[in-house]
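Asks: If you read the protein sequences in the order shown, they are chains V and S. The first sequence: position 69 = 69 (the UniProt record's numbering), numbered continuously. The second sequence: position 112 = 112 (the UniProt record's numbering), numbered continuously.
Just so you know, the hints here were simulated from the structure itself, not pulled from any lab data. Please note: incorrect hints may appear among the correct ones.
Heads up, incomplete: computed chain S residues facing chain V, CB under 8 Å, no partners named [unchecked claim]:
1) Gln37
2) Glu43
3) Val44
4) Thr60
5) Ser81
6) Ile84
7) Val87
8) Ala91
9) Cys94
10) Leu100
11) Cys110
12) His111
13) Phe118
14) Ala126
Virtual Cβ for every residue (Gly too), placed ideally from N, Cα, C.
There are 2 protein chains.
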Amino acid sequence: MTSAPTPSTPPPSGNLDPAIAARLKRGADGLVPAIAQQYDTGEVLMLGWMDDEALHRTLTTGRCTYWSRSRQEYWVKGDTSGHIQRVKSVALDCDADTVLVRVDQTGAACHTGDRTCFDADVLPLAQ
Amino acid sequence: MTSAPTPSTPPPSGNLDPAIAARLKRGADGLVPAIAQQYDTGEVLMLGWMDDEALHRTLTTGRCTYWSRSRQEYWVKGDTSGHIQRVKSVALDCDADTVLVRVDQTGAACHTGDRTCFDADVLPLAQ
Chain V
1 MTSAPTPSTP PPSGNLDPAI AARLKRGADG LVPAIAQQYD TGEVLMLGWM
51 DDEALHRTLT TGRCTYWSRS RQEYWVKGDT SGHIQRVKSV ALDCDADTVL
101 VRVDQTGAAC HTGDRTCFDA DVLPLAQ
Chain S
1 MTSAPTPSTP PPSGNLDPAI AARLKRGADG LVPAIAQQYD TGEVLMLGWM
51 DDEALHRTLT TGRCTYWSRS RQEYWVKGDT SGHIQRVKSV ALDCDADTVL
101 VRVDQTGAAC HTGDRTCFDA DVLPLAQ
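Use the sequences and the hints to build the structure in full.
Replies: Given below as structure tokens:
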């Protein structure tokens with residue numbers, strides 16, 4: 001049905017630190033999921049996607065940058081809405097296929113106006 | 001480079017609530033990323049992957065169940081290690097393409113023995 005991601009070759013023009021690029025395990029689309037978490041409250045704000053360049057920009061600009069799969073372009077969170085994410089720390093997981101970005105979120109993280117993208121659709125658990 | 005996920009048809013044998021299955025937006029591989037968060041401390045423990053059946057089992061058994069991309073099988077977290085995840089709540093995000101599971105994690109979430117999968121590989125930020 002699917003296969004686990006394996007290390008892929010970053011684009012030759014990549015700016016990401018080669019030591020990071022070498023261990024990053026991207027999906028077939030060249031992306032890794034990136035979880036944004038409010039650094040002090042622990043709220044999980046949203047999940048976005050990053051390619052090597054988005055991760056590079058997130059590490060070097062202080063602002064969280066994603067790759068928009070729907071718009072097919074880089075997306076600096078808050079550039080349109082003002083709801084920016086200032087980067088506090090960035091970590092890879094043990095498999096180097098997921099990014100956790102701890103941020104200071106200004107205002108709502110969700111485009112709906114909710115504080116997080118997970119506030120509105122809580123699923124029922126079986127009793 | 002990639003396209004945004006669109007709703008796909010769940011397998012005919014799917015047990016997942018049809019109302020949830022109808023709005024779930026799966027990747028090309030039929031999976032959605034699932035973030036596991038410790039319900040009381042807010043720690044982001046790990047990211048796994050779920051198909052419809054894994055989400056159904058997570059909602060109905062009280063134990064977090066993932067689809068293992070490397071082993072190509074369902075994986076009830078803790079069945080081997082004893083480090084189980086008791087499900088406290090499950091939410092979809094605003095796009096219905098990511099799951100957030102709040103759990104009570106027994107012991108280490110990470111196979112390395114770390115409490116979370118994000119403890120060991122903190123990336124340097126540019127000054």
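Asks: Look at each hint and say if it fits the structure.
Replies: The hints, checked one at a time:
no. : hint   : in the structure
1   : Gln37  : 6 Å, holds
2   : Glu43  : 7 Å, holds
3   : Val44  : 6 Å, holds
4   : Thr60  : 4 Å, holds
5   : Ser81  : 14 Å, violated
6   : Ile84  : 16 Å, violated
7   : Val87  : 7 Å, holds
8   : Ala91  : 4 Å, holds
9   : Cys94  : 5 Å, holds
10  : Leu100 : 4 Å, holds
11  : Cys110 : 5 Å, holds
12  : His111 : 7 Å, holds
13  : Phe118 : 4 Å, holds
14  : Ala126 : 4 Å, holds
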